[in-house]
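> Here is what each chain is made of, one letter per residue.
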Amino acid sequence: MSYFSDIYSGIKTLLTGMRVTGGHFVRIRSENITQLYPDNRDTLQMFERFRGEVVMPHDENNEHRCTGCQSCEIACPNGSIEIIWDRQVDPATGKKKKMIDKHIYHLSMCTMCGLCINACPTDAIVWAQNFENAVYDRSALTKVLNQPGSKLKAGIEE
Amino acid sequence: MMNIPLSITTTIHDWLFSIMPEGAATITEWVLIAAAYLALFAVAGLYLVLLERKVAAWFQFRLGPNRVGPWGIFQTIADALKLVSKEIYSNRKVDKFLFNLAPYFVIIASLMAMAVFPFSKQFQGFDINIGVFFLFAVSSIGVIGLLVGGWASNNKYSLIGAMRSGLQTISYELSVGLSILTMVLLSGSLQLSEIIEVQRTGGWLIFQGHIPAIIAFMIFMIAGTAETNRAPFDLVEAESELGAGFHTEYSGMQFAYFFLAEFINMFIIASIAVVLFFGGWLSPFGITEGITWFPEVLWFIIKVFMIILLMMWFRWTFPRLRVDQLLTLEWKYLLPINMVNLVLMAIVIWLNITL
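In order, the protein sequence lines correspond to chains S and Z. Okay, so the first sequence: first residue is 562 according to my numbering, each after it adds one. Okay, so the second sequence: first residue is 33 according to my numbering, each after it adds one.
Worth double-checking, as some hints may not be accurate.
[Claimed, not checked] One-sided and incomplete, this derived list gives chain S residues near chain Z with beta-carbon spacing under 8 angstroms:
id, residue
1, G578
2, T582
3, G583
4, H585
5, F586
6, N691
Calculated from the structure, these hints are not laboratory results. Cβ coordinates follow ideal geometry from the N, Cα and C atoms, glycine included.
Kindly generate the complete structure, drawing on both the sequences and the hints.
Here it is in structure tokens:
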């Protein structure tokens, strides 16, 4: 008797499969996920979790959140991040304090593993969504993340 | 002898016979018909490839070719131009004669099968009284081309592919034949134009024959897909196992012949299905029956494309069968069901309970 039940289940499963693909076929306009990339360059939105490159956001007062703790530098498995820092007198308290001079990021070495962003205690660095990273000169891939003249936002260290 | 005259062809026919002697005019007509069919072959082949790629993309959430021309409609023409310009290359140890012969076997078999289809009432190349039998005979010549090509390539994968195609065609030819026979039993004729005339009065054969006809249609579609070596029966050129199967060693236009012949075979299987089950060029419910200027060939083409779409749907849904599954399906399921179905159809006709 399994002969006939095999035929029945065979046809049933085949029709189930055809219903799935047929659904895709008729709903192609709404379900299509292909981006026509060079054509829609102006309107293209990358996904929230896309890992383009590491950036350090600055607010309108040119203040960042990086305390210079070097957690990211230590976390980075291949040395893509170098932090140049020194001790300066903090004008608010009058004490000497560690401050970053340059947060150097080598995009050419970065594997987009995201360990630096996980390690950062103050969320100073985040992922950007740009992906057009090709340049003509390799030195352009060595980026200084903190903008010139920027300083630490107040209240981050508490 | 030649049953071609559309109203245009009648004019050409009369004009040719008026300007040259009868023999020369006949030969000229033959050449013109051959050219027409070759053009049809090329255009249908190219656009079926494009359709396949588009449909495949839509089944998989993609867009498909869309760069060459609007909606990519010139993509396959560009591909064909590239293939024409490529060198026809063969390995040192191939059997030169058979290697070069094989593509022509495949393509000539497809072309000969095209000749007998009634595209519309007037547009039929060759209306013989054993049309179905001829189709069935000719469509199995193609497999010789595959076997010869695989053998002559002097390549293990090609040979495995060719042997698989032999095995597959021998098995599934039986099912195709028996399901066609079921419908011939109902229509009572082997002549394709006659089969269509039967359907003009009594409705399409798939409705006339109700249950056995629907079973025969299902078996025909399965076996026909296997005949054309398309997925899920593409063991012959299983990309993941054999490279490209029998046409691994072919390049340029010889490869294109195999490639186009596959799509033309699909067209042929769909055409047989349309003639035998869906009334050929007859309009559904006779809605364009009285309109004399309406091109009936349009109905034929629409129906054929519906069947082709169904075959593409199969291809992009089902996974490939293993060889033992292939043979189990044919010899344990399709063939016994088909034989029972043939008897069932005979009983239906005997008791006169056709619709």
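> Please go over all the hints and tell whether each is borne out by the structure.
Okay, the hints, checked on the actual structure:
The closest approach between the C-beta of S/G578 and any C-beta of chain Z is roughly 5 angstroms, which is under the 8 angstroms cut-off, so the hint is satisfied. For S/T582, the interface hint holds, since its Cβ comes within 8 angstroms of a Cβ in chain Z; the closest pair sits about 4 angstroms apart. The beta carbon of S/G583 comes within 7 angstroms of a beta carbon in chain Z, closer than 8 angstroms, and the hint placing it at the interface holds. Here the hint on S/H585 is kept, as its CB sits about 6 angstroms from the closest CB of chain Z, short of 8 angstroms.
With a cut of 8 angstroms, the hint placing S/F586 at the interface with chain Z holds, because the nearest CB-to-CB distance is about 5 angstroms. A hinted interface residue such as S/N691 counts as satisfied when its beta carbon comes closer than 8 angstroms to some beta carbon of chain Z; here the least separation is about 24 angstroms, so the hint is violated.
Against the hints set out earlier in the document, a violation occurs for number 6 only.
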